[in-house]
Amino acid sequence: DVKVTQSSRYLVKRTGEKVFLECVQDMDHENMFWYRQDPGLGLRLIYFSYDVKMKEKGDIPEGYSVSREKKERFSLILESASTNQTSMYLCASSLGQTVEDTEAFFGQGTRLTVV
Amino acid sequence: GESVGLHLPTLSVQEGDNSIINCAYSNSASDYFIWYKQESGKGPQFIIDIRSNMDKRQGQRVTVLLNKTVKHLSLQIAATQPGDSAVYFCAENWGFKTIFGAGTRLFVKA
Numbered sequence: 001d002v003k004v005t006q007s008s009r010y011l012v013k014r015t016g017e018k019v020f021l022e023c024v025q026d027m028d029h030e031n032m033f034w035y036r037q038d039p040g041l042g043l044r045l046i047y048f049s050y051d052v053k054m055k056e057k058g059d060i061p062e063g064y065s066v067s068r069e070k071k072e073r074f075s076l077i078l079e080s081a082s083t084n085q086t087s088m089y090l091c092a093s094s095l096g097q098t099v100e101d102t103e104a105f106f107g108q109g110t111r112l113t114v115v
Numbered sequence: 001g002e003s004v005g006l007h008l009p010t011l012s013v014q015e016g017d018n019s020i021i022n023c024a025y026s027n028s029a030s031d032y033f034i035w036y037k038q039e040s041g042k043g044p045q046f047i048i049d050i051r052s053n054m055d056k057r058q059g060q061r062v063t064v065l066l067n068k069t070v071k072h073l074s075l076q077i078a079a080t081q082p083g084d085s086a087v088y089f090c091a092e093n094w095g096f097k098t099i100f101g102a103g104t105r106l107f108v109k110a
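As they're listed, the protein sequences go chains C and L.
1 is the number of the first residue of the first sequence in the working numbering; add one for each residue after it.
1 is the number of the first residue of the second sequence in the working numbering; add one for each residue after it.
The following block holds chain C by itself, in its conformation from the complex (with noise of 0.2 Å):
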């Protein structure tokens, strides 16, 4: 089975902290993709990666950046945490590139507090 492991369920930081929520998949995903989830909005993706060391912006990006130096890890950075980013953090993997490779598989989500 695919595992997708987020490195904290928890996490309670201090506004303008830098933040680093880590991703581990074991199953030699090429795509790898950070979500945030609110109630009401759904899934939100804020970055994704299709390679090593490649990135692209999802639909909000703003105040995130993220860092994937190998295949494996996807990490997603708060530069200077601010409560409205108070969330649930979801990662997730997906194999490849045909059809019914964008099935995704996701971590069971980080849960980060600003205060």
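Hints are computed from structural coordinates only; laboratory data are not their basis.
Predicted model only: the values in this text are computed from it and were never measured.
One or more hints might be untrue.
Straight line, CA to CA, 27 Å or less: simulated DSS-like cross-link-like pairs of lysine-lysine [unchecked claim]:
(1) L/K97 - C/K57
(2) C/K71 - L/K97
(3) L/K42 - C/K55
(4) L/K42 - C/K71
(5) C/K55 - C/K71
(6) C/K18 - L/K42
Assemble the complex: chain C is given as a structure, and chain L must be docked to it using the hints.
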């Protein structure tokens, strides 16, 4: 811009009844659709998928219907069980892009 939306944010059904969760999508170029289930404290998990060249696909107790004419997707769950209580998301895909709906929370009453 494109969006995937759900008609109802919550759905409450009696155990044993059938559930129908609806979804509207707006991108006619979408070629692949997936329903995900998210249980409390977990990430979304794949339930069933359908390609745009199909109008119906059945799994175990679940059926997905696709109506491209009106850009509508539905998930039917037969004989709903307490374990089906979760938030259900539809997702539309084209190329690398995936758009998720807002989600419907399904409550199953014993």
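Now for the hints, and whether the structure bears them out:
In summary, the hint linking L/K97 to C/K57 is supported, as the alpha carbons are separated by about 11 Å, within the 27 Å threshold. For the hint pairing C/K71 with L/K97, the CA-to-CA distance comes to about 19 Å; that is within 27 Å, so the pair holds. In summary, the hint linking L/K42 to C/K55 is supported, as the alpha carbons are separated by about 26 Å, within the 27 Å threshold. For the proposed pair L/K42 and C/K71, the alpha carbon gap of about 24 Å is at most 27 Å, so the pair holds.
About 12 Å separates the Cα atoms of C/K55 and C/K71, which keeps this hinted pair within 27 Å; it holds. Restraint check for C/K18 and L/K42: the C-alpha separation of about 25 Å stays at or below 27 Å, so the hint holds.
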